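Q: Using the sequences and the hints, build the whole thing.
Protein sequence lines correspond, in order, to chains V and F.
Numbering-wise (the numbering used here), the first sequence opens with residue 1 and increments by one.
Numbering-wise (the numbering used here), the second sequence opens with residue 1001 and increments by one.
No lab work stands behind these hints, which were simulated from the structure alone.
Don't take each hint at face value.
[Unchecked claim] From the structure, some residues in chain F lie toward chain V, with a derived Cβ separation under 7 Å:
hint	residue
1	Thr-1035
2	Met-1040
3	Gln-1043
4	Ala-1048
5	Ala-1049
6	Ile-1051
7	Glu-1052
8	Asp-1054
9	Ser-1122
[To be verified] From the derived model, a few chain V residues whose C-beta atoms are all more than 10 Å from chain F:
hint	residue
10	Ser-123
11	Asp-277
12	Lys-283
13	Ala-313
Quick caveat, the model's predicted, so the values are computed rather than measured.
No residue lacks a Cβ here, since even glycine has one placed at the ideal position from N, Cα and C.
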Amino acid sequence: MTSNRVICVDIGSTYTKGAIFRLAEDRFVVEARAVTPTTVDYLPDGFFTVVQQLSPGADWHNLTAADAPCPVYFSSSAKGGLKVAVVGLVPEMSLQIARLAAFSAGARICASYPYRLTRSCISRIEKAQPDILLLCGGTDGGNERYVTENAQALAASGFNGTIVYAGNNAAVDRVSDLLADRELVICENLMPDFGRLNIEPVREAIRRVFLDRIVSGKGLDRLVAAFATQPVPTPLAVLNLVRVVGENIEGWQNFALIDMGGATTDFYSFADAYNPDSGTIMKGIVEPKLKRTVEGDLGMRVSAESTFETGEAYLAAVSDFSTEQLAALKNYVMGLTTNTGHLPANAIEKYYDSLLAGACIYHSLMRHAGSIEEVFTAKGRVWAQSGKDLRRVSRIVGTGGYLAAMAREGSAVAIPDRAVLPTEKTPLLPEKFVYLTDNDYILPLLGNLAEKFPRQCALTAVSSLTVTQHYEVKEPCQREFIKA
Amino acid sequence: MSATNIVLGVIGFDCHSVGNKILEAWFTESGFKVTNLGVMVSQEEFIAAAIETDAKAILVSSLYGHGEIDCAGLREKCIEKGLEDLLLYVGGNLVVGKTPFPQVEEKFLKMGYDRVFGPDCSLEKVSEMLKADIAAKAR
Ligand code: B12
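A: Structure representation (structure tokens):
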């Protein structure tokens, strides 16, 4: 009777949210929702409160997967999610690929270092205590020196998390010997040949470490055992959702998603990174079609102060504020970092929040997007591209409590079509797009269904969105059409 | 023993690609593991590739006549990045016009290149020299 229903739960750092969905033909329908504060000491408590509310007929505490009325899927970002430190070799090569891989596994990067780990790098890693350290560098059969020296430095350090090694395969034996007394996971090189990306094995390795190491100790192992499902980090659920939408829904082959929270701003894109007939030449790696970046300094509450610092020039440029008005904004921001549950109380505070949101979007977009620069050659002008081309992105989705609330209240969100501040290179930003919002904040929950029900999940996601604004750039950066 | 890594590419904004393909095929057949960066390669890209692949030599091509400007400074950048022992070879149509080859060679040797070749060099000899030079460095 209930076999066409599923329950999804997301255990966030402050709230545990859930929904029960019914599968109706080609998509899911939300039947009920529930939310409760996350029980940080023992996560299953909040989980059961939510599930019991969603489906009161069963005694969920004492159930096993076999006699549960419907399947349960869950994601978690409790305790700050999955913290990863990244150590690579050349910054724009192996280190950049490692960062992309960690982000695409749903991680938050707390430190990243190229070349050789110095004593100060090691002590910063020891302080940050990441769950995982991703060590890489060197193509297969390539450089061994840096990875072995870095393995040596790690062996002598006080870092005791899991080390995932994804560097030069020729150095595997030495790295394993050096790190024999650590938890070490060896996987395929993430850059086996120069410039060739091999991200999947690392993603899978990080996912497994998440299950083995992060899940236990927080009580999640009990849920895994009871419901025979494995949790994913919340950002990975969202990434999976972005992927199935891009792969299944007509017209969604170039889109982006911004998930703005109190602590971080996550930016996702599904788009071809480089268009070879665009007349631009590529510098550095061609980034993957599906990309996620996380900005730990950009967020609406916990990170409000760093958002203000990073975004100060932007805020001054877009707000036309006097120095006194900027000081008042700063004052508001400082209040937020201590009172992270604050909701804007009046029109001016709402305006402040929309300015802060604009700063989060501006900087996360500028960091996610690639750029082009003009170079003069014997053959005339040539455009050199680095990073990801987002010009063709035709839809941008906003999710997370703040963007949802702002959309419901009809307050505008600024999405930049050009660099507001002077930049050396021209950023490759979306030129003509629709801004849609996840007003019911359902996407992270739906993301849990992406692997099992890709098409239905994707259809549900796009049909649940609300068109909020249309953007069109007046002078698009049509540089790509100049043939080299 | 695994194959020796070398890096290959056409420097600057030069897009003459035919010779580059021939060189890739030639050196691969001669037993090297070639990382071919193709055309329009910057000095930074040559160096990034040499570090990640632990290359023993970079083979720079320049065909379009701007070799003198494009090639200058590569040796210094290598030293800065810790690649003091890396062999640097350069070849192609290195200068505009009909400067006698010995003069061209001297110029590029001064820039820090280990060996300089014109367009009509014998690739067989180049391979031999490269193997000998790499062996000498290893000693
Ligand atoms: C085909 C060609 C083009 C094509 C290239 C198409 C392509 N995708 O490759 C096009 C039309 C695009 C072109 C454009 C230009 N070209 Co043009 N081009 C030629 C041409 C006719 C043949 C080149 C070729 O493919 N040769 C065959 C290959 C196999 O030989 P190769 O490139 O020399 O490489 C061999 C050797 O040099 C050597 N070698 C090369 N590098 C190295 C490195 C090492 C370490 C070693 C050991 C050996 C080595 O080994 C290679 C394999 O055998 C030559 C003239 C000529 N006959 O060489 C002019 C020529 C190279 N071009 C020239 C010029 C000036 C240009 C332009 C600047 C013209 C312009 N003003 O627009 C542009 C430059 C564009 C750019 N940004 O690069 C001049 C260069 C003059 C100079 N250096 O003093 C040449 C010599 C013509 C001339 N005599 O004036 N060109």
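Q: It remains to establish, for every hint, whether it holds in the given structure.
A: Here's how the hints hold up against the structure:
no.	hint	verdict
1	Thr-1035	5 Å, holds
2	Met-1040	5 Å, holds
3	Gln-1043	12 Å, violated
4	Ala-1048	4 Å, holds
5	Ala-1049	5 Å, holds
6	Ile-1051	5 Å, holds
7	Glu-1052	5 Å, holds
8	Asp-1054	4 Å, holds
9	Ser-1122	28 Å, violated
10	Ser-123	23 Å, holds
11	Asp-277	15 Å, holds
12	Lys-283	7 Å, violated
13	Ala-313	28 Å, holds
Hint compliance for this structure: hints 3, 9 and 12 are not met, and every other hint is.
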